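These protein sequence lines are chains A, B and C, in that order.
Taking my numbering, I'd label the letters of the first sequence as residues 192 to 275.
Taking my numbering, I'd label the letters of the second sequence as residues 20 to 116.
Taking my numbering, I'd label the letters of the third sequence as residues 58 to 370.
Hints are not guaranteed to be accurate.
[Said to hold, decoys possible] If the Cβ cut is set under 10 Å, some of the chain B residues that face chain C in the computed set are:
1) Pro76
2) Gln77
3) Val81
4) Leu85
5) Val88
6) Cys89
7) Ser97
8) Ala99
9) Gln103
10) Leu104
11) Arg107
[Stated by the list, open to error] Computed beta-carbon distance windows for the label pairs:
12) B:Arg112 to C:Thr160: 35 to 43 Å
13) B:Gly80 to C:Asn63: 24 to 32 Å
14) B:Leu92 to C:Pro171: 20 to 28 Å
15) B:Gly80 to C:Ile261: 18 to 26 Å
16) B:Phe53 to C:Thr176: 52 to 60 Å
17) B:Thr54 to C:Glu142: 12 to 20 Å
18) B:Gly79 to C:Leu336: 32 to 40 Å
19) C:Asn63 to A:Gly246: 14 to 22 Å
20) C:Val60 to B:Gly80: 29 to 37 Å
These are computed hints drawn from the structure, not numbers from a lab.
None of the values given here were measured: they were computed from a predicted structure.
Idealized CB from N, CA, C, for every residue including glycine.
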Amino acid sequence: MTEFFLGASAFILAMVGLGLVRILRGPGDADRMMAAQLLGTGGIAAVLLLGTATGEGATLDVALTLALLAAFASYAFVKAEDGP
Amino acid sequence: MSLAVDLFSVIAVAAGAFFFLAGTAGLLRFPDAFTRLHALTKADNLGLGLVVLGLLPQVGGVVAGLKLVCIWLLVQLSGATASQLIARGLRRRGAPP
Amino acid sequence: MIVALNVGLVALILGLAVWAIVAREPFAAVVGFIAYGLLLTLVWVQLHGIDVALTEAAIGGGLTGALLIGAATRLRGTEAEARAERPGPATRWLAAAVSVAVTLALAACVLVLPVPAPTLAPEVAAHMAATEVGNPITSVLLAFRAMDTLLEAIVLLFALIGVWSLTPDRFWGGRPGLRQGYDANGILAYAARLLPPIGVVAGIYIFWVGADHPGGKFQGATILAAMWLLVMMAGLADAPPIRRTWLRALLVAGPLAFIAVGLVGAVTAGAFLAYPPGLAKPLILAIEFALMPTLTLILGLMLVGTPQRGDTP
Numbered sequence: 192m193t194e195f196f197l198g199a200s201a202f203i204l205a206m207v208g209l210g211l212v213r214i215l216r217g218p219g220d221a222d223r224m225m226a227a228q229l230l231g232t233g234g235i236a237a238v239l240l241l242g243t244a245t246g247e248g249a250t251l252d253v254a255l256t257l258a259l260l261a262a263f264a265s266y267a268f269v270k271a272e273d274g275p
Numbered sequence: 020m021s022l023a024v025d026l027f028s029v030i031a032v033a034a035g036a037f038f039f040l041a042g043t044a045g046l047l048r049f050p051d052a053f054t055r056l057h058a059l060t061k062a063d064n065l066g067l068g069l070v071v072l073g074l075l076p077q078v079g080g081v082v083a084g085l086k087l088v089c090i091w092l093l094v095q096l097s098g099a100t101a102s103q104l105i106a107r108g109l110r111r112r113g114a115p116p
Numbered sequence: 058m059i060v061a062l063n064v065g066l067v068a069l070i071l072g073l074a075v076w077a078i079v080a081r082e083p084f085a086a087v088v089g090f091i092a093y094g095l096l097l098t099l100v101w102v103q104l105h106g107i108d109v110a111l112t113e114a115a116i117g118g119g120l121t122g123a124l125l126i127g128a129a130t131r132l133r134g135t136e137a138e139a140r141a142e143r144p145g146p147a148t149r150w151l152a153a154a155v156s157v158a159v160t161l162a163l164a165a166c167v168l169v170l171p172v173p174a175p176t177l178a179p180e181v182a183a184h185m186a187a188t189e190v191g192n193p194i195t196s197v198l199l200a201f202r203a204m205d206t207l208l209e210a211i212v213l214l215f216a217l218i219g220v221w222s223l224t225p226d227r228f229w230g231g232r233p234g235l236r237q238g239y240d241a242n243g244i245l246a247y248a249a250r251l252l253p254p255i256g257v258v259a260g261i262y263i264f265w266v267g268a269d270h271p272g273g274k275f276q277g278a279t280i281l282a283a284m285w286l287l288v289m290m291a292g293l294a295d296a297p298p299i300r301r302t303w304l305r306a307l308l309v310a311g312p313l314a315f316i317a318v319g320l321v322g323a324v325t326a327g328a329f330l331a332y333p334p335g336l337a338k339p340l341i342l343a344i345e346f347a348l349m350p351t352l353t354l355i356l357g358l359m360l361v362g363t364p365q366r367g368d369t370p
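Based on the provided sequences and hints, a complete structural model is requested.
Dropping the structure here:
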């Protein structure tokens, strides 16, 4: 069980890590922001799996914080592009 | 009983990981920015949702389970609003190819 | 399996760090840096530093990202000049050599540490009961090394004053940032109405739970500041003018309360910031309650920036 969760966490991280190629290539700024967004979601999933695998309940709070602030950078990006 | 619960967790988490794969494949391979936005929401809704579903029986206590569901709902909300905003910005400015 | 996970994490982080340095456009580098912060959170979780992971998630993932995006946007007009001024190859090779030398020195220091590394953790564990808090990080931050926390709060206040010192004279005392457009039916307004109530509850929860579990005032204040910034970004509330008395009173209330507690300790327990026995938990709570609004205001105001318009709305 624990091994499986660790493996799933590693797999999800590898997937979103591949998605980071979009930061390299993405022709527009929006594409880069999307890659960061995907990384945020994947990071939350990885933190949840890691926390359950190791039994540390406090990692749920880390995932909660990430979830609250996940889109914050995207909002700032959109605001910056559009102006006030 | 415990074996069935563990099996359910494994299947749900594996399905969730598959949707993360789908999300990444979409982000990398879709032709333009608007379609790539769609790929993101697959990971947000289904990927994280199935992972949360699979982890629900494994965490101790109702509060932890509620926190898990709360995390999923928050990610959906923020992901949906951010995607809409990015799409509107792209449309206003004319998306790059 | 853990080894593979850790190796993968480190490889991703190193790749992102290299990208943040070599990227041609500032915005691409900023996005790389945000992703780097998110992955660093995972590293802290792996190192069992949950409090640090919370702080990294809040500051590195959220606030620093927004700050750098704002900076990159402001610098957009100057990109052509900056590119024309790129240093020659000799300077860049020298910079690379110095960076590699510093890295090697750090690596050598870490590898030369005796095993087990010298640590004060057993001492903290032995004396934690006297502070009446269950989280060893909180006991170190607010009891054993409270002086450091006091100085950090004051440094943050100085940083805010530093940001304000860039104000043009004619706008001094005015409202920071530009007036944000308000679209009542817009998506941002919708998000700014839905997220902050949840965020405020979560921020206060993380502040409260920091006594016995990972958390604390700084992470809670960061979440509250982020929610306040979201409300301001959507135009639902305007940035307060910096000459307002209540703003300045709240900004200094935290460090002043901290110093007052320290003086109380000097009088009753024999040393500055010492706690009389039995009063440790109430005093720690008083400090945290006073510091929360101060930290929230400082972090929020630092991100909004310098005053760019007059006092009137």
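Hints and how they fare:
{"no.": "1", "hint": "Pro76", "result": "22 Å, violated"}
{"no.": "2", "hint": "Gln77", "result": "17 Å, violated"}
{"no.": "3", "hint": "Val81", "result": "16 Å, violated"}
{"no.": "4", "hint": "Leu85", "result": "12 Å, violated"}
{"no.": "5", "hint": "Val88", "result": "13 Å, violated"}
{"no.": "6", "hint": "Cys89", "result": "8 Å, holds"}
{"no.": "7", "hint": "Ser97", "result": "7 Å, holds"}
{"no.": "8", "hint": "Ala99", "result": "9 Å, holds"}
{"no.": "9", "hint": "Gln103", "result": "5 Å, holds"}
{"no.": "10", "hint": "Leu104", "result": "5 Å, holds"}
{"no.": "11", "hint": "Arg107", "result": "7 Å, holds"}
{"no.": "12", "hint": "B:Arg112 to C:Thr160: 35 to 43 Å", "result": "41 Å, holds"}
{"no.": "13", "hint": "B:Gly80 to C:Asn63: 24 to 32 Å", "result": "29 Å, holds"}
{"no.": "14", "hint": "B:Leu92 to C:Pro171: 20 to 28 Å", "result": "48 Å, violated"}
{"no.": "15", "hint": "B:Gly80 to C:Ile261: 18 to 26 Å", "result": "21 Å, holds"}
{"no.": "16", "hint": "B:Phe53 to C:Thr176: 52 to 60 Å", "result": "53 Å, holds"}
{"no.": "17", "hint": "B:Thr54 to C:Glu142: 12 to 20 Å", "result": "39 Å, violated"}
{"no.": "18", "hint": "B:Gly79 to C:Leu336: 32 to 40 Å", "result": "35 Å, holds"}
{"no.": "19", "hint": "C:Asn63 to A:Gly246: 14 to 22 Å", "result": "18 Å, holds"}
{"no.": "20", "hint": "C:Val60 to B:Gly80: 29 to 37 Å", "result": "31 Å, holds"}
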